[in-house]
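One letter stands for each residue in the lines below.
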Amino acid sequence: MSMLPEWMRETDNYVPPKDGGTFAIKTIQTIGKIMSRLKTQAGHEKQKHLPALVKLFAMILLIVLTSVCQNRIILMVIAAAVLGYLCTWPAKGLWGILKTPMAASALTLLLFIPAMLMHPAGITNNLIVVAKVFLCVTMVTVFNHTTQWNHITLALRKIHVPGIFVFTLDITLKYIVLLGNLMQDLLTSMQLRAVGKHNRKYSSVGGVMGVTFIRGTEMNEQMYEAMRCRGFTDDYKGL
Amino acid sequence: MNMKLIELDNITFRYEKEEPAVLKDFSLAVAEGSCVIIEGDNGSGKTTLFRILTGLSFPEKGEYSFDGTNITREYMKDNANSKKFHKKIGYLFQSPDVMLFNPRVYDEIAFGPRQMGLSDQDVEARVADCLEMFNLRDLADKAPYHLSGGQKKRVALAAVLALNPDVMILDEPYAGLDKKTQEWLTQILIELKASGKTIIVATHSGELLSEAADEIIVMK
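Residue numbers (our numbering), protein chains in the order written: chain A, 1 to 239; chain B, 1 to 220.
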């Protein structure tokens, strides 16, 4: 006797109705893609000869110096050094570095526009702040692009940042990638089966978010147990 | 001889421009109502091939034709085309975890039929048939993410079959199933083939389905 029900033996004569409104799905897919992009951090290290700790110190020092500096000459020297360093980057990778600082400085400029209009005498100082924002964010982006996450967390551990903080940061960064991929796969599978008018899009999207959260919790617990089984004693030294 | 339903003509695919091609000058022709087994080592491109066949990825070179229609990025951008195509092709992911996003097993299976505009009675009948067929009646009200690996796989397969697709693409359907369930699944696939469905299966357990296979392709 056959196990297949009658309808499964026949071919459906199905024409999908029109269904717009893919906003929620596209938005979450974009989030998933952004999270997945974090995985490119692995193997992205270009300046291997400089230890992450040195780079971390240099970055913090330069950011503090740039922020508190009131002497324009020193500021210009820092700017020249940063821009000179960027000149050594291949043109292809420059946009990846510069788009974040450019967005941050554009936002700062936007916030300063009312002040500039009301107080034109302070325009120079306002522009210096914009330049400082650009330099500081560029330094962070360069550090981010030239140092792997695990080296960053290791460097943080060496400067005695509490283990639990480093552990949480490290695991979060690693799991964002995995959960981003999971979310993308769930949405893809949802789209493959969304063959008609989907009246409960937001409920399904909520389901995807919920499953991602549950899976994240499960993975977290399983990994912690696996670490304990391999001798982890809550004293995190980095991976 | 049945007409070719799926035709891949010399396709080349790579995920990143700088990376080596996962599929290079690959061709495949699958006749309507046939059963094709795809074998190959891990990383040989089976899942990538399936992503292309299901219209999730597109080759940089070569052509993919389904039922006489060229499946391109532009074609799939049209929502109506994409839905029509996905109604015809059912895809079982390698990991069932990425297929289950509804609060209950019942809703998971009913997800597809509900969207097809079927009446509540028809949806209920389809879901009941699938629950019966996959021996999931007792789990109907359970949350899919709390099930075991084998149960999840059965729910995922039931959810795909509830759409009654013409083509079933199954990525490692036997993985994680016990021997009895593997044999039961083989029986289901043989019956699906006998009812005219086209079946493409990637598996390391090809011997289980070898009697139903029209072609075995080994990817390198």
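Quick caveat, the hints were computed from the structure, so don't treat them as lab data.
The model shown is predicted, which means the values in this text are computed figures rather than measured ones.
Careful, some of the hints might be misleading.
[Claimed, not checked] Interface residues of chain B toward chain A, partial, derived using beta-carbon atoms under 7 angstroms:
(1) N81
(2) K83
(3) Y145
(4) S148
[Stated by the list, open to error] Taking lysine to any residue and the SDA-like style, the derived pairs with C-alpha atoms no more than 25 angstroms apart in a straight line are:
(5) B:K142 <-> A:K158
(6) B:K4 <-> B:T47
(7) B:K24 <-> B:K84
(8) B:K180 <-> B:V123
(9) A:K197 <-> B:K193
(10) B:K84 <-> A:T11
(11) B:K88 <-> A:L4
(12) B:K142 <-> B:D166
(13) B:K193 <-> B:V123
(14) B:K193 <-> B:H146
(15) A:K158 <-> A:L179
(16) B:K24 <-> B:T47
(17) B:K17 <-> A:T11
(18) A:K18 <-> B:L56
(19) A:K26 <-> B:F58
(20) B:K17 <-> A:I74
Glycine included, each C-beta is placed from N, C-alpha and C at the ideal position.
Which of the listed hints are broken here? 1, 4, 5, 7, 8, 9, 12, 14, 15, 17, 20
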